[in-house]
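K.L.:
Taken in order, these protein sequences are the chains called A and B.
Mind the numbering: the first sequence is residues 1 to 176 in this note's numbering, read in order.
Mind the numbering: the second sequence is residues 1 to 649 in this note's numbering, read in order.
What the hints contain is simulated information worked out from the structure, not anything from laboratory work.
No residue lacks a Cβ here, since even glycine has one placed at the ideal position from N, Cα and C.
A few of these clues could be false.
No farther apart than 20 Å at their CA atoms in a straight line, the calculated lysine to aspartate or glutamate pairs in the EDC-like style are these [to be verified]: (1) B:576 / A:146; (2) A:154 / A:49; (3) A:111 / B:333; (4) A:61 / A:84; (5) A:167 / A:78; (6) A:167 / A:49.
Just the calculated beta-carbon pair ranges, DEER-fashion [claimed, not checked]: (7) B:156 / A:135: 25 to 35 Å; (8) A:21 / B:200: 46 to 56 Å; (9) B:333 / A:22: 55 to 65 Å; (10) B:334 / A:8: 14 to 24 Å; (11) A:36 / B:333: 54 to 64 Å; (12) A:36 / B:26: 53 to 63 Å; (13) A:81 / B:32: 37 to 47 Å; (14) A:106 / B:80: 47 to 57 Å; (15) A:21 / B:32: 31 to 41 Å; (16) B:486 / A:4: 49 to 59 Å.
Coverage of chain A stretches by chain B, computed from C-beta distances (three or more under 8 Å per stretch; other residues unrestricted) [stated by the list, open to error]: (17) 43-56; (18) 68-80.
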Amino acid sequence: MKRVWPWLIPLSAIPLLLLLAYGFRLNPRDVPSPLVGRPAAAFALTTFDGQPVSLESLRGKVVVLNFWASWCNPACYDEAPVLERGWRAWRDRGVMVVGVDIQDTVDAAQKFMREFRLTFPNARDVNGQVSIDYGVYGVPETFFIDRQGRIRAKHVGAVTDADFRSKVEALVAEPS
Amino acid sequence: MIPELGQGALLVALGLALYGGLAAAVAGRTGRASLLQSAQHAAVGVFVLVIGALVLLTYAFLRFDFSVRYVATNTNLGTPFYYRITAVWGALEGSIILWGSMLALYTLVVIVTQRERAREFYPWVLATMLGVLTFFLLVMTIAAPPFSRLTPIPADGRGLNPLLEDTGMITHPVALYLGFTGFTVPFAFAIAALATGRVGEAWIVLTRRWTIVAWYFLSLGLLIGGWWSYHVLGWGGYWAWDPVENAAFMPWLTGTALLHSVMIQERRRMLKLWNLTLVILTFSLTLFGTFLTRSGIIASVHAFTQGTIGVFFLAFLALVVLGALGLLAWRWEALRSTGELDSVVSRESAFLLNNVLLVAAGFTVFFGTVFPLLSEAVRGTKVSVGAPFFNQVNVPLFLSLIFLMGVGPLIAWRRASWENLRRNFVWPVTIGVVGAALFWAMGIRSALAVLALTLTVFVAATIALDFARATRARLRSGQSALPAMAGLLVRHNRRYGGFVVHLGILVITLGVTGSQAWSVQTETTLRQGEVAQLAGYRVRFDGLSPSQESNHFRVIGRFTVSNGRARPTVMQPAKKFYPQESSPIAGVDYELGFREDLYLVLGDFTRDGTQATVKIQVNRLVSWIWIGGLILTLGTVLAILPERRPRPA
Numbered sequence: 001m002k003r004v005w006p007w008l009i010p011l012s013a014i015p016l017l018l019l020l021a022y023g024f025r026l027n028p029r030d031v032p033s034p035l036v037g038r039p040a041a042a043f044a045l046t047t048f049d050g051q052p053v054s055l056e057s058l059r060g061k062v063v064v065l066n067f068w069a070s071w072c073n074p075a076c077y078d079e080a081p082v083l084e085r086g087w088r089a090w091r092d093r094g095v096m097v098v099g100v101d102i103q104d105t106v107d108a109a110q111k112f113m114r115e116f117r118l119t120f121p122n123a124r125d126v127n128g129q130v131s132i133d134y135g136v137y138g139v140p141e142t143f144f145i146d147r148q149g150r151i152r153a154k155h156v157g158a159v160t161d162a163d164f165r166s167k168v169e170a171l172v173a174e175p176s
Numbered sequence: 001m002i003p004e005l006g007q008g009a010l011l012v013a014l015g016l017a018l019y020g021g022l023a024a025a026v027a028g029r030t031g032r033a034s035l036l037q038s039a040q041h042a043a044v045g046v047f048v049l050v051i052g053a054l055v056l057l058t059y060a061f062l063r064f065d066f067s068v069r070y071v072a073t074n075t076n077l078g079t080p081f082y083y084r085i086t087a088v089w090g091a092l093e094g095s096i097i098l099w100g101s102m103l104a105l106y107t108l109v110v111i112v113t114q115r116e117r118a119r120e121f122y123p124w125v126l127a128t129m130l131g132v133l134t135f136f137l138l139v140m141t142i143a144a145p146p147f148s149r150l151t152p153i154p155a156d157g158r159g160l161n162p163l164l165e166d167t168g169m170i171t172h173p174v175a176l177y178l179g180f181t182g183f184t185v186p187f188a189f190a191i192a193a194l195a196t197g198r199v200g201e202a203w204i205v206l207t208r209r210w211t212i213v214a215w216y217f218l219s220l221g222l223l224i225g226g227w228w229s230y231h232v233l234g235w236g237g238y239w240a241w242d243p244v245e246n247a248a249f250m251p252w253l254t255g256t257a258l259l260h261s262v263m264i265q266e267r268r269r270m271l272k273l274w275n276l277t278l279v280i281l282t283f284s285l286t287l288f289g290t291f292l293t294r295s296g297i298i299a300s301v302h303a304f305t306q307g308t309i310g311v312f313f314l315a316f317l318a319l320v321v322l323g324a325l326g327l328l329a330w331r332w333e334a335l336r337s338t339g340e341l342d343s344v345v346s347r348e349s350a351f352l353l354n355n356v357l358l359v360a361a362g363f364t365v366f367f368g369t370v371f372p373l374l375s376e377a378v379r380g381t382k383v384s385v386g387a388p389f390f391n392q393v394n395v396p397l398f399l400s401l402i403f404l405m406g407v408g409p410l411i412a413w414r415r416a417s418w419e420n421l422r423r424n425f426v427w428p429v430t431i432g433v434v435g436a437a438l439f440w441a442m443g444i445r446s447a448l449a450v451l452a453l454t455l456t457v458f459v460a461a462t463i464a465l466d467f468a469r470a471t472r473a474r475l476r477s478g479q480s481a482l483p484a485m486a487g488l489l490v491r492h493n494r495r496y497g498g499f500v501v502h503l504g505i506l507v508i509t510l511g512v513t514g515s516q517a518w519s520v521q522t523e524t525t526l527r528q529g530e531v532a533q534l535a536g537y538r539v540r541f542d543g544l545s546p547s548q549e550s551n552h553f554r555v556i557g558r559f560t561v562s563n564g565r566a567r568p569t570v571m572q573p574a575k576k577f578y579p580q581e582s583s584p585i586a587g588v589d590y591e592l593g594f595r596e597d598l599y600l601v602l603g604d605f606t607r608d609g610t611q612a613t614v615k616i617q618v619n620r621l622v623s624w625i626w627i628g629g630l631i632l633t634l635g636t637v638l639a640i641l642p643e644r645r646p647r648p649a
């Protein structure tokens, strides 16, 4: 007589394996930021080229605020071309990309920007105040700010072209 | 050139492992010796190639070959020589190579020692081990290739995670992985037993030492991890129920259960099914642990990067769990027990209870670890399960286990008589009760601490009683005391090795109890020259000094410490600033002692150095945890020595 129920033992493991598989759909670092939906903290920085850049001066534009560092390899290296492409494609439609370099040396940061031929404004967060205000946990993190100056989305990790387009498209479509 | 060589070596090794595994399995079915021979050669080839790849990767680290992405992300020009070696396994890709190397090493040792001894099982054992190696080589070549190139080549690398710049990082991963991979051997024997249908005691007798070795390295890995946490992380603790600590602890729990339950099968031919299940469970949990650390599904301080590797591990985990449990179901009829439990008051039932408790502890740890995942899947809310849950559930379980540790080894097999109970337990129980009264009289008011200490004393008394009786028996036969004791340890090394390991666990329990119950701490801001007091210590802040190291900048605090007994000493906790880290890293300073450790962590300070915040901890009895680890080592060595007497029937 062949029993059937011993086979329940291996079968019982299946729900557990499915649960673990479900885990891939989640990103544990993707803690919902309490800042989403709130007005973005004001900042005033000086770019590497010596130009002032502040959130105040960008009111009315969709701002993509990206925190990066030259030592953040590979994620920041992967997304730098994405940001540059996005900036070139959307700059004429009221989108501004601002890079904030944190915890870095000037030389290394400038080499990074030369390497990827970045043309959007990049500034050093000299005493770390801006990254503290935005609750930056690690680089790269990117904040999408709408025309009214509210943080609408936060992206942890390298931004892809698709991420950039979907987030920016929605914000640009909103009435100012 | 070097990276291509390494990559090539791994690819060839993958091919060899795959071929060898299949060849060994076919040899297992058909009994063709030439195929088995060939599989064996393939396994040796895998060993050479994987070790070769590890050496090449180390070489790339030593030469700062930043064209290799893995090297560039885990060192920079400032990384000291010593840490360039540990950086090899400081992150995902290298840790998998280290893992593979150890597995290949175990496979080689199996070939050398088991080829003749375990003839019936050997082809399937080899097939299983090469199968597991194939998986890890697949990971190394596809999911996490350590030798992949980086363009453009950076002028300098990112640098190692500063927390890993510690001597513990050379021993902690090595010990832990020796433990993890070590359980592959008993697992391979279990699969061989199921495949051949020889599910009797033979495979258990053959794997006893392997299981002990794997268990020991796992214990050692956990202890060194605790030591690393204690003296590097600066929070003054050694265990935080972090998901990844749990991941290593779960196989330890089931492995411990296995070590005990196999004794029942050896003696009484019971629990065949249970033992096979425990082996499969333990091995699966080692894979689960690796999956957890490397898939990024659960946030943890230990978590490596995320990527496709998680999918690989989950697929393999599924294959192992479903395949092995499927074999179990297939062999169901052969797995019926032949023995029966004669009485509830017997060694068998003490061991069974021990197993139930250990597996229950394992289950609660598992549940707590994956609960956040479950909660998010079912209710969509993020939760985290913290230390209070784990402590609340596990402390009673562990205390019960300690009690059983006293009962199990001395109670009679089959059915304990009143005489047996009276003879073995009257004295230890009396001593335990006296101990409890004494602890109370000493002013210990924490019920939990009194209970833990009392149990410790009780178990120690059972061990002492047993040893004293056995020695006395030898004295009567005319030996003098010391040779009698030494002879006892050597002749009955299995029994007394086990006892020594138990003593080690008791000493660790003492350390854990003491540190939980009596540690004190304070955090205070001092001006230069000011003094803080804690538990009889006077800590004076003398000032700050900066220092530039090869890869970081540090600010060192100077504190003069006196406690009225010894001469004042200077302690120098520091804060280390690494350019690639967003927050500074603590440089703890500590003075270890048998009674207590003084532990200083530098907090915030003013730029002019006139004022600093310092956390002062007096951690009680923590050193005994590490001492317990040493005792554990002695016991393990004793337990795996070759036996000098005929096995009892």
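K.L.:
Which of the numbered hints are not met once you compare them with the structure shown?
P.N.:
1, 2, 3, 6, 8, 9, 13, 14, 17
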